[in-house]
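These protein sequence lines are chains A and B, in that order. Under my numbering, the letters of the first sequence match residues 1 to 353, in that order. Under my numbering, the letters of the second sequence match residues 1 to 353, in that order.
Keep in mind that the hints were calculated from the coordinates and are not lab data. Be aware that one or more of the hints could be misleading.
Below 25 Å or equal to it, Euclidean Cα-Cα: the simulated DMTMM-like pairs (lysine to aspartate or glutamate) are [what the hints assert, rightly or not]:
id	chain 1	residue 1	chain 2	residue 2
1	B	K133	A	E44
2	A	K133	B	E47
3	B	K133	A	E37
4	B	K131	A	E323
5	B	K133	A	E47
6	B	K41	A	E126
7	A	K131	B	E126
8	B	K58	A	E128
9	A	K131	B	E37
10	A	K35	B	E126
11	A	K133	B	E37
12	B	K35	A	E126
13	A	K131	B	E44
14	A	K131	B	E323
15	A	K41	B	E180
16	A	K58	B	E128
17	A	K235	B	D183
18	B	K133	B	E90
19	B	K15	B	D66
20	B	K131	A	D324
21	B	K67	B	D287
22	A	K35	B	E128
23	A	K267	B	E37
24	B	K41	A	E128
25	B	K131	A	E44
Stretches of chain A that chain B covers, calculated by requiring three or more beta carbons in the stretch to come under 8 Å of a beta carbon on chain B [said to hold, decoys possible]:
id	segment
26	137-151
27	175-186
28	243-252
29	338-348
Residues from chain A that face chain B, not an exhaustive set, calculated with beta carbons under 8 Å [stated by the list, open to error]:
id	residue
30	N28
31	E90
32	N110
33	K131
34	N320
Bear in mind that the values here come from a model prediction, so they are computed numbers and not experimental data. All residues carry an ideal CB built from backbone N, CA and C; glycine is no exception.
Protein chains: 2
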Amino acid sequence: MRTFSDRLMDAVDDKQTMVCVGLDPRLNLIPAFLKRESVSKYGETIEAVAACYLAFNKGIIDAVKDKVAIVKPQVAFYEAYGAPGVKTFEETVRYARNAGLIVVEDAKRNDIGSTAEAYSSGHIGEVEFWKGKTRVYDVDAITVSPYLGFDGVQPFLDDCRNHQKGIFILVKTSNPSSGELQDLPHVVDCPSMNDMREDLADDGTAPLFSKKRKFGEAEKVTVAPNYVSLALNVKTWGDDLLGERGYSSVGAVVGATYPNEAMVLRKTMPKAYFLVPGYGAQGGSADDSMACLNSDGYGAIVSSSRDIDYAYRTEPFCRNYSEDSFDRVAAEATSAMIDALSKAMKSADKCPW
Amino acid sequence: MRTFSDRLMDAVDDKQTMVCVGLDPRLNLIPAFLKRESVSKYGETIEAVAACYLAFNKGIIDAVKDKVAIVKPQVAFYEAYGAPGVKTFEETVRYARNAGLIVVEDAKRNDIGSTAEAYSSGHIGEVEFWKGKTRVYDVDAITVSPYLGFDGVQPFLDDCRNHQKGIFILVKTSNPSSGELQDLPHVVDCPSMNDMREDLADDGTAPLFSKKRKFGEAEKVTVAPNYVSLALNVKTWGDDLLGERGYSSVGAVVGATYPNEAMVLRKTMPKAYFLVPGYGAQGGSADDSMACLNSDGYGAIVSSSRDIDYAYRTEPFCRNYSEDSFDRVAAEATSAMIDALSKAMKSADKCPW
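Please take these sequences and the hints and turn them into a complete structure.
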């Protein structure tokens, strides 16, 4: 059976690029003429916001659909405008899929098992309906946050299997403070925390939450950052969801802004596809992204949002184009990113095409 | 200035209970007569699902509004049905707030800074609008997942301050697998991971993601579970948002199912309000919840969803009532929970009323 990862790889081969275009509409950044059109039709309402977001997205999708295989709408920007915003999200997904694109929803959902099931069924599976079941958002893949552990991930794994969908689990995110929790070095094979608590109860004086532990003279302590523990879980969870082409439909989010960590994670999860944010505006370069690829040139998709969606507002484009050409400029910016990554792939001897 | 925490405590005093009722509509569990009414009006559509969810919620809210101070809709169940579901969520929030209830949205949102800002502005703040700004969901507080660190939390803190709202950050969740990441023992004051990576590069043979480290003969290693590190951050972030009554508007989610951990966390974050899920269906008892309270009897709200919403389907209620009385039964189940917690509070000498 062809998995999400198989579909993804075929689509990437077809376009010969791993670039993914983010669809992040923001009211203060999208072209004024689109806003005027929406307001003239709907007044200064929330429906008008939703309408101009949809028009903007359609422009970007039409402009990039022949160049890239994947788009990534960030649902935060849509749900911020309530039900009308969510309707635009649904219509954007439909429009992109009808254009032959793979849609990765950036949602970072997470909850306990029974609630994670509700998220998963709505976004990548099927929800209970009047007779049988129905699909709602029907995206191809979704990002998932791992703070709650396996029982919050399992419903997504089930839907990946049953509906040929994919997930990307946050492992090492692209933002500056990602290390606060993700990089904390944990002790591997430490005595259980229950034992620790008993020790604490015994003395009762030291801070309740920690404990000096002596590891005998000859002993060594093995430590690893939390993201490695996560990565090992992602690998385990993904081993059951391998496609014909050798990659898993359980992927990982690994920021382009942390190439050293990416190198470690690439070896930890050799069969996981990486969704790589942080390219461009956040500081990650094409060369930085190479650490996310395996030697076969597969294993990563690299995403950019602001630098493409709003390229028309930046140098050098804003000198040569008016805002009416936001879509044409997005296409140019996409081509530039594709070229930069192709060049880096060839330099790294990781180009499969 | 009165903060969210002040409002919360006044409301809890008014009702003399810390019980919070979850609003988790599920199509296969809500009464058949509500479904028939919706289908007769909207056909077997997704709008009919949204309509019977709203009718169900209004029934529960009307039944419990004089008994409790807080309701907690879990947004997963609403957004699973797309824009119509989200509209019902918005209407539920409005209905509950108009009934004088405090609304805690269980959403567990998380993202990098600029995207977290979009989540925060939509849910507890104000979004950009045609002229100025507008409020969308306008809940009183929202749950937030901490995997991305401070820059993903900061926008929520700003909105808490500017709009007298609150957040509850996941620290120790109620589900069985919460310990996988949350309980990992991390080394306190470990050499930075950058140093570790240099060591790794030197030998190159050991698994890339970990390193045996020798801590000299006389040295000791201090370890703490990840949730403690999180708790210390929550404390720090919350110290700037203390209300007149001494508690912070930056709270923590601490499951009733882990009373030992709750005891540690209560001491780590003395001024944080705890949102305590896991009561009832998940296995947490009234006595278990006492660990979440400070000695003044404040500092926690205890939430139950399934056991109240669907009490009409369970013993002994299902023998004595038909499904038409789902709301009356929810009120009875709520009273029983209030009584159980009051009794436990008195036994623990933690009842302020």
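Hint-by-hint comparison with the structure:
{"no.": "1", "hint": "B:K133 to A:E44", "in the structure": "holds (12 Å)"}
{"no.": "2", "hint": "A:K133 to B:E47", "in the structure": "holds (15 Å)"}
{"no.": "3", "hint": "B:K133 to A:E37", "in the structure": "holds (20 Å)"}
{"no.": "4", "hint": "B:K131 to A:E323", "in the structure": "holds (21 Å)"}
{"no.": "5", "hint": "B:K133 to A:E47", "in the structure": "holds (15 Å)"}
{"no.": "6", "hint": "B:K41 to A:E126", "in the structure": "holds (24 Å)"}
{"no.": "7", "hint": "A:K131 to B:E126", "in the structure": "violated (39 Å)"}
{"no.": "8", "hint": "B:K58 to A:E128", "in the structure": "holds (22 Å)"}
{"no.": "9", "hint": "A:K131 to B:E37", "in the structure": "holds (16 Å)"}
{"no.": "10", "hint": "A:K35 to B:E126", "in the structure": "holds (19 Å)"}
{"no.": "11", "hint": "A:K133 to B:E37", "in the structure": "holds (20 Å)"}
{"no.": "12", "hint": "B:K35 to A:E126", "in the structure": "holds (19 Å)"}
{"no.": "13", "hint": "A:K131 to B:E44", "in the structure": "holds (8 Å)"}
{"no.": "14", "hint": "A:K131 to B:E323", "in the structure": "holds (21 Å)"}
{"no.": "15", "hint": "A:K41 to B:E180", "in the structure": "violated (52 Å)"}
{"no.": "16", "hint": "A:K58 to B:E128", "in the structure": "holds (22 Å)"}
{"no.": "17", "hint": "A:K235 to B:D183", "in the structure": "holds (20 Å)"}
{"no.": "18", "hint": "B:K133 to B:E90", "in the structure": "holds (18 Å)"}
{"no.": "19", "hint": "B:K15 to B:D66", "in the structure": "holds (8 Å)"}
{"no.": "20", "hint": "B:K131 to A:D324", "in the structure": "holds (23 Å)"}
{"no.": "21", "hint": "B:K67 to B:D287", "in the structure": "holds (21 Å)"}
{"no.": "22", "hint": "A:K35 to B:E128", "in the structure": "holds (13 Å)"}
{"no.": "23", "hint": "A:K267 to B:E37", "in the structure": "violated (56 Å)"}
{"no.": "24", "hint": "B:K41 to A:E128", "in the structure": "holds (19 Å)"}
{"no.": "25", "hint": "B:K131 to A:E44", "in the structure": "holds (8 Å)"}
{"no.": "26", "hint": "137-151", "in the structure": "holds (count 8)"}
{"no.": "27", "hint": "175-186", "in the structure": "holds (count 12)"}
{"no.": "28", "hint": "243-252", "in the structure": "violated (count 0)"}
{"no.": "29", "hint": "338-348", "in the structure": "violated (count 0)"}
{"no.": "30", "hint": "N28", "in the structure": "holds (5 Å)"}
{"no.": "31", "hint": "E90", "in the structure": "holds (6 Å)"}
{"no.": "32", "hint": "N110", "in the structure": "holds (5 Å)"}
{"no.": "33", "hint": "K131", "in the structure": "holds (7 Å)"}
{"no.": "34", "hint": "N320", "in the structure": "violated (27 Å)"}
Hint compliance for this structure: hints 7, 15, 23, 28, 29 and 34 are not met, and every other hint is.
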